[in-house]
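**Student:** The primary structure of each chain is shown beneath.
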Amino acid sequence: MLPWLLAAALLAVVVLTAPVLGRHLYAVFDDRPQPAWDRWLTPLESGLLRWIGETGRPADSPWGYLLPLLISNALFGLVALALLVWQPTWLNPLGFGGLRWDLALHTTLSFLTNTDQQHLIPEQSLGNLAQLGAMQFLMFVSAATGLAVGFAVIRGFSGRPLGNFYRDLLRALSRVLIPASLLLALFLLVSGVPMTLASPLEITTLEGGQQWLPRGPIALFEAIKQLGENGGGFVSANAAHPYENPTLLTNLVSTWAMLIIPAATIDAFGRFVGNRRQSSLLLVLVFGLLIAGAVVAMAAEQAGNPLLSSWISGGNLQGKELRFGTGLTGLYATVTTGTMTGAVNGAIDAAMPLTILTALFNLFLQVVFGGQGTGMAYLLVFALLAVFLTGLMVGRTPEFLGRKVEKAQVVWASLVLLIHPLFVLIPAALTLAGGPSWAGISNPGSHGISQVVYEYASAAANNGSGLEGLGDGTPWWNLSASLSLLGGRYLPIAALVALADGVRRKPALEPSPGTLRTDTGLFTGVTAVVLVILGALTFFPVLALGPIAEALTLAS
Amino acid sequence: MPTSTRVLFPRMPRGPRQERRYLERPRQQGLLQRAIVEAFRKLDPRLAVANPVMFVVWCGTVLCLALTIEPRLLDAAAGARERGFNALISLTLLATLLFANFAEALAEGRGKAQADALRRTQARTQARRQLPDGSIELVDSSALRRGDVVLVQGGDVIPADGEVIAGVASVDESAITGESAPVLKEAGSDVAGSVTGGTRILSDQLTLRISADPGKGFIDRMIALVEGAERSKTPNEIALTVLLAVLTQVFLIAVATLSPVAGFLQKPPSVVTLVALLVALIPTTIGGLLSAIGIAGMDRVAQFNVIATSGRAVEACGDVNTLVLDKTGTITLGNRLAEEFLPVGGYSSAELAVVAYGASCFDQTPEGRSIVRLAEKLGAALPFEPASASGIDFSARTRMSGSDSADGIEFRKGAVDAIKGFVRSRGGVVPDQLDQCFEQVSRLGGTPLAVCRGAELYGVIYLKDIIKPGIRERFDQLRRMGIRTVMLTGDNPITAGVIAREAGVDDFIAEATPEDKIAVIQQEQKLGKLVAMTGDGSNDAPALAQANVGVAMNSGTQAAKEAANMVDLDSDPTKLIDIVTIGKQLLITRGALTTFSIANDIAKYFAILPALFAGVGLQALNVMRLASPQSAILSAMVFNALIIPALVPLALKGVKFRPLSAEQLLRRNLLVYGAGGVVAPFIGIKLIDLAIGALRLI
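Line by line, the protein sequences are chains D and V.
Here my numbering is used: position 490 in the first sequence is 490, and no number is missing along the way.
Here my numbering is used: position 609 in the second sequence is 609, and no number is missing along the way.
In case anyone wonders, no lab produced these hints; they're calculated from the structure.
Keep in mind the model is a prediction, meaning the values are calculated, not measured.
Ideal Cβ placement from N, Cα and C applies to all residues, glycine included.
Certain hints may be false.
Claimed, not checked - Calculated Cβ distances over 12 Å to all of chain D for the following chain V residues:
id, residue
1, 139
2, 252
3, 322
4, 373
5, 581
6, 617
To be verified - Below, simulated DSSO-like cross-link-like pairs (lysine-lysine); rule was C-alpha separation at most 27 Å, straight line:
id, chain 1, residue 1, chain 2, residue 2
7, V, 686, D, 407
8, V, 653, D, 506
9, D, 407, V, 468
10, V, 216, D, 407
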């Protein structure tokens with residue numbers, strides 16, 4: 001019972017805190033009057049902008065927004081890649097060498113795309129300089145890039161100019177991500193998370209053996225990992241490790257931290273379009289999907305494997321951190337896949353098939369809050385498609401937020417729809433065609449299919465979690481997953497920005513009784529159905545062959 | 001302005017609409033046969049490739065046919081016994097294609113039949129062309145060019161569209177309008193000054209300036225339009241095609257990658273079953289019916305005796321936010337009738353009647369004639385000898401008309417302020433009582449016409465406006481659909497206000513000039529609204545061109561017809577409201593069938609997936625308890641094929657439109673086509689499965 005109450009309390013706290021941060025995000029990204037505490041940042045930001053030669057003027061074309069995004073991201077990536085390939089000895093107490101090129105490439109792209117899929121064991125391959133200068137740096141800028149895109153799209157849908165990418169990136173960092181991470185890091189520090197540059201601790205275990213405990217500047221790393229929906233662990237065990245997630249309270253707070261910025265983004269959207277009812281209904285929709293998934297996963301984990309129930313009681317304990325238990329691990333798995341964080345506090349590979357089904361479903365939909373900033377944009381795409389499909393049924397060219405949905409919008413929205421299957425199903429099919437023993441698939445049958453599909457879905461959705469039984473440290477995995485990472489990040493971003501730019505140029509129409517209202521319960525329900533049909537129906541065959549077949553086999 | 005002839009139609013439609021059809025109803029028998037033949041002809045890959053969704057089905061059919069002939073073509077392990085199943089799947093796929101082609105051919109058929117009938121009126125004729133030096137030469141009608149001057153005499157077929165530059169004649173226009181009563185054509189008249197090629201002049205002689213090159217005349221345009229030769233996809237249709245193509249692409253990826261994924265479980269499905277899954281998932285229902293819906297929409301407009309220049313115009317009708325309507329002929333009956341004489345300045349009603357008679361004896365408008373009738377009823381006689389008097393026509397500048405008797409006495413009637421000015425200019429005095437009469441009439445919603453005899457003001461004629469029965473209900477419906485109505489009238493503001501209130505329009509513009517029309521349209525468009533209007537006069541042409549939907553009356557001028565994107569052959573301005581409904585119906589039908597088609601996928605998954613991977617442990621997903629895997633796949637395919645002809649009547653007739661609010665419409669259509677689309681295939685597939693079992697097909 002306790003996990004359910006905690007989960008309910010947690011979601012209630014998210015609902016209560018989202019409008020607070022939502023108002024702040026609105027102020028930051030719509031240039032509203034600032035609260036006193038961050039007013040002093042303005043000269044700093046404009047100084048920085050001047051230093052890189054930027055005027056800060058809003059882009060007047062999609063390219064005007066996208067080009068700075070691509071250039072800056074390429075630069076960030078190159079810096080990180082260099083640090084990984086030539087790991088210097090400075091701040092590298094264990095003297096780790098450079099990474100193999102394909103692993104370095106995958107790791108860089110993975111953190112650059114806000115995914116944080118890790119094909120390496122960080123505490124055994126990365127020194128503190130790489131962790132801070134490459135990994136943590138990319139965590140901040142990739143989350144800021146996502147937020148910038150999300151708010152550029154929101155601006156487009158509310159009829160404003162798209163904005164200036166550099167300015168958005170800076171403000172996302174200086175006024176949202178850095179202060180929030182510092183606060184969260186402080187809390188984690190107090191809760192016992194290390195924040196040190198000292199070398200690993202050498203201890204003698206109770207059995208008298210020697211053990212090295214890797215330490216590092218984990219608290220801040222952990223904070224941005226959760227808040228920025230990054231998910232890459234400082235240590236391989238991720239949030240199941242006591243240094244990353246020491247107590248039940250830190251576990252709950254870090255679950256809250258994954259949800260708060262995306263929930264606040266939806267709230268801010270309502271403020272942008274001047275229709276809080278619209279954003280509240282979208283929040284209800286997303287929370288509904290999240291709760292449905294959480295109930296399935298938590299119940300499945302608590303029930304455990306029916307074939308083992310005569311021997312083991314207490315649910316599915318394999319791959320669980322006992323401090324958190326089955327229920328809260330199920331909740332964490334749902335939230336981490338829904339929000340595209342990808343942090344884990346237990347092994348998803350060892351979870352029940354229904355939990356894996358929930359996780360995959362979240363990865364396919366990409367809107368159960370979805371990626372930092374981009375999740376909101378995906379939600380708008382699905383709402384737009386729902387308007388287009390059902391809006392015709394009221395007998396006029398569909399309108400969304402007062403703007404007509406016409407060919408250009410449908411083209412861009414459909415393109416977003418096409419990208420995910422392309423970068424998930426095709427590489428998965430290629431990998432599976434090699435057979436069970438090839439490519440390090442550690443399970444035969446349905447679970448093997450889940451492992452492979454999950455890996456690419458996680459990469460293309462920029463999530464980062466994985467069914468880690470997979471031997472994914474090979475050039476094949478590094479390179480093929482890199483393609484999915486890039487395709488799943490930058491193609492949708494380009495399409496979303498182009499879509500938003502087209503929308504903002506349309507005249508805003510006054511609603512009439514003949515206009516299909518999108519801020520109603522009915523339409524929210526329609527959006528949910530369209531979301532599931534368009535977003536997940538494509539993946540139904542692989543879901544059926546993977547987790548569904550596994551679940552049915554267990555049940556029979 | 002009050003007695004403007006601009007809105008008076010020389011020929012108002014008569015009789016029930018069905019009997020006014022200009023073309024015989026195409027015979028059903030011929031249509032079906034023609035459509036069946038066309039359905040096979042459209043299997044030609046060069047034609048099939050135009051529809052991406054159905055082209056995927058086409059490719060799948062070819063593949064399955066090949067696998068029927070040689071089952072081992074792609075899989076050496078396949079047994080020859082699969083040939084029967086492959087053949088059945090190929091047949092259902094072929095049927096799907098043919099049904100879709102049939103739907104399109106059936107929709108085109110009507111238009112083609114109408115085009116054939118129109119072509120028969122287009123026999124080549126000889127024309128008498130007048131050369132610049134005045135001499136006449138006989139040329140073939142196809143040799144006429146724009147700007148040529150020709151003479152036509154009684155009995156001739158008019159060789160091409162043109163403007164009358166001299167002469168008066170009656171013309172039989174039944175070939176295009178179905179109206180058997182001849183129409184008077186004369187030079188210089190705004191409305192009666194244009195003739196259409198293919199119509200027949202009955203008597204007298206006209207001199208015409210040809211206004212259209214051969215092949216570009218009104219009838220040629222009509223033929224091209226009803227035949228669908230110029231049919232280009234409408235914006236919404238293009239957007240929907242894009243979405244359907246992308247969905248097809250997505251499902252193509254999903255199915256194509258399924259083979260290796262299932263191969264990992266050592267259970268690779270056969271190619272034919274994968275094709276079946278693909279065809280079941282891609283939106284074939286809407287893909288097959290999409291073009292038929294568009295063509296049928298154009299055809300429904302044509303059945304209303306309206307010729308639309310493009311499907312885009314019909315679709316735009318559904319989006320219209322504002323209707324700009326002329327009061328006269330649309331909201332009120334075209335003819336205002338004299339109801340009462342209100343004398344002023346001490347004159348009696350009888351004296352006023354005599355002067356009004358005098359001012360109206362040359363006025364051939366229905367209003368003028370009604371004044372004469374009322375005067376005669378009151379026992380008035382003409383105060384002068386008509387043969388020696390001369391008539392003064394109404395003009396928009398003077399806003400009055402009347403007659404001058406042989407002894408120079410000026411009888412005038414017209415807008416109250418115009419007559420006031422006239423009386424003052426002749427040195428007369430305007431009695432205060434006039435303004436009371438003016439207000440009295442205006443408050444009744446009538447039009448006051450002042451009457452004077454030289455400098456003496458006699459009084460006011462009360463012209464009663466009769467609001468068309470049922471028009472208020474129609475405006476209420478429009479309001480519920482979110483459409484605003486704006487009434488334009490030349491009446492004074494008080495009269496206009498009264499009529500507007502009685503008719504239930506949302507807004508009105510009184511004392512409107514043609515320029516006001518454009519101003520109103522531009523103002524609405526600036527707010528992002530789509531505006532529809534009707535018009536007939538030459539001075540309406542700019543407004544017709546400015547409006548998003550301009551409907552010209554067939555009785556109108558050539559300029560108006562060219563500027564408009566629809567021409568109403570019945571010249572009934574009320575029809576704009578019907579056309580809006582058709583436009584909405586077109587969009588609703590498209591949306592409803594798309595929703596239905598996509599919602600069907602859920603049931604199809606539950607039929608095909610467990611069958612496809614029988615050995616993987618997905619039996620629990622076989623919620624319909626279908627007999628065998630092969631029967632399940634075949635049932636889904638048969639359902640997929642049969643649903644197309646089952647929906648053809650709906651596609652051609654259109655979803656019934658109800659004037660409800662968007663929310664109510666959405667709720668209703670979602671229930672019928674969304675929920676129905678989820679449930680129907682579960683029932684349909686199960687029934688087909690039972691039938692297949694009973695027939696022992698597999």
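**Student:** Within 27 Å, alpha carbon to alpha carbon, are residue 653/V and residue 506/D?
**Tutor:** violated, 33 Å
**Student:** Is the claim that residue 139/V lies outside the interface with chain D correct, judged by CB distances over 12 Å?
**Tutor:** Check passes; 47 Å lies beyond 12 Å.
**Student:** Can you confirm whether the C-alpha distance between residue 407/D and residue 468/V stays at or below 27 Å?
**Tutor:** Cα-Cα ~41 Å, so violated.
**Student:** Since residue 581/V was said not to touch the interface, does its Cβ keep a gap of more than 12 Å from each Cβ of chain D?
**Tutor:** violated, 9 Å
**Student:** Does residue 407/D sit within 27 Å of residue 216/V, going by the straight-line distance between their CA atoms?
**Tutor:** Between residue 216/V and residue 407/D the Cα gap is close to 31 Å, so the pair fails against 27 Å, i.e. violated.
**Student:** Taken at face value, is the distance from the CA of residue 407/D to the CA of residue 686/V at most 27 Å?
**Tutor:** violated, 38 Å
**Student:** Determine whether the non-interface label on residue 617/V survives the test: each CB of chain D must be over 12 Å from its CB.
**Tutor:** With a cut-off of 12 Å, residue 617/V comes too close to chain D, as the shortest Cβ separation is near 5 Å.
**Student:** Verify this label for me: residue 252/V is non-interface relative to chain D, using a Cβ-Cβ cutoff of 12 Å.
**Tutor:** violated, 9 Å
**Student:** Against chain D, does residue 322/V keep a CB gap of more than 12 Å to every residue?
**Tutor:** violated, 10 Å
**Student:** Evaluate the condition: distance from the CB of residue 373/V to the nearest CB of chain D exceeds 12 Å.
**Tutor:** Consistent with the label, residue 373/V stays out of reach of chain D, its closest Cβ about 44 Å off (over 12 Å).
In this structure, the hints that do not hold are numbers 2, 3, 5, 6, 7, 8, 9 and 10, in rising order.
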